[in-house]
Amino acid sequence: MICKTKNNKRDCGVFVMRYMETYIGPTDYKTGFPKEGAEDELLDWVRTRYAYALINSKINFLKDDIMELAHEYNKQAKEKRESDQRKACAEIHKRLKDCQ
Numbered sequence: 139m140i141c142k143t144k145n146n147k148r149d150c151g152v153f154v155m156r157y158m159e160t161y162i163g164p165t166d167y168k169t170g171f172p173k174e175g176a177e178d179e180l181l182d183w184v185r186t187r188y189a190y191a192l193i194n195s196k197i198n199f200l201k202d203d204i205m206e207l208a209h210e211y212n213k214q215a216k217e218k219r220e221s222d223q224r225k226a227c228a229e230i231h232k233r234l235k236d237c238q
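One gets our numbering by counting positions in the sequence shown from 1 and adding 138 to each.
Hints in this document: simulated from the structure, not taken from any laboratory.
C-beta atoms are modelled at their ideal positions from N, C-alpha and C, and glycine is treated no differently.
Some clues are possibly wrong.
With a cut-off of at most 30 Å between alpha-carbon atoms, the simulated DSS-like pairs for lysine-lysine come out as follows [said to hold, decoys possible]:
1) Lys213 x Lys201
2) Lys232 x Lys216
3) Lys232 x Lys218
4) Lys201 x Lys218
5) Lys216 x Lys235
6) Lys216 x Lys201
7) Lys225 x Lys235
8) Lys213 x Lys232
9) Lys235 x Lys218
10) Lys213 x Lys196
11) Lys225 x Lys213
Label pairs and their in silico Cβ distance ranges [stated by the list, open to error]:
12) Tyr161 x Asp222: 34 to 40 Å
13) Asp222 x Tyr188: 18 to 24 Å
14) Tyr161 x Lys235: 30 to 36 Å
15) Tyr157 x Ile230: 20 to 26 Å
16) Pro164 x Glu229: 37 to 43 Å
17) Glu229 x Leu200: 19 to 25 Å
18) Arg187 x Ile162: 17 to 23 Å
19) Leu207 x Cys227: 18 to 24 Å
20) Ser221 x Gly163: 43 to 49 Å
21) Lys225 x Ile193: 19 to 25 Å
22) Glu220 x Arg185: 16 to 22 Å
Based on the provided sequences and hints, a complete structural model is requested.
What follows is the structure in structure tokens.
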């Protein structure tokens with residue numbers, strides 16, 4: 139697979155979704171991902187696009203609740219949001235280490 143990585147263990151779902159989205163059969167095709175280590179900006183864009191599609195889906199009966207939580211989160215001070223993000227990243231890294 140063209141977007142195969144050795145170091146990025148947290149975005150496998152994003153890679154699979156992009157692979158399915160761009161698959162055109164057993165030919166040489168492009169997923170749009172650059173070589174490993176250079177894909178961060180594109181991954182952010184793809185992650186955001188997929189999250190938006192999932193949240194705004196017609197069958198997402200929790201959409202209003204999620205949007206309300208997002209608005210409340212955005213009202214928090216920038217320092218609090220950044221602190222929460224650091225804690226979440228640390229927890230993700232801990233879980234990844236536990237899986238190895």
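Violated hints, by number in ascending order, as checked against the structure: none
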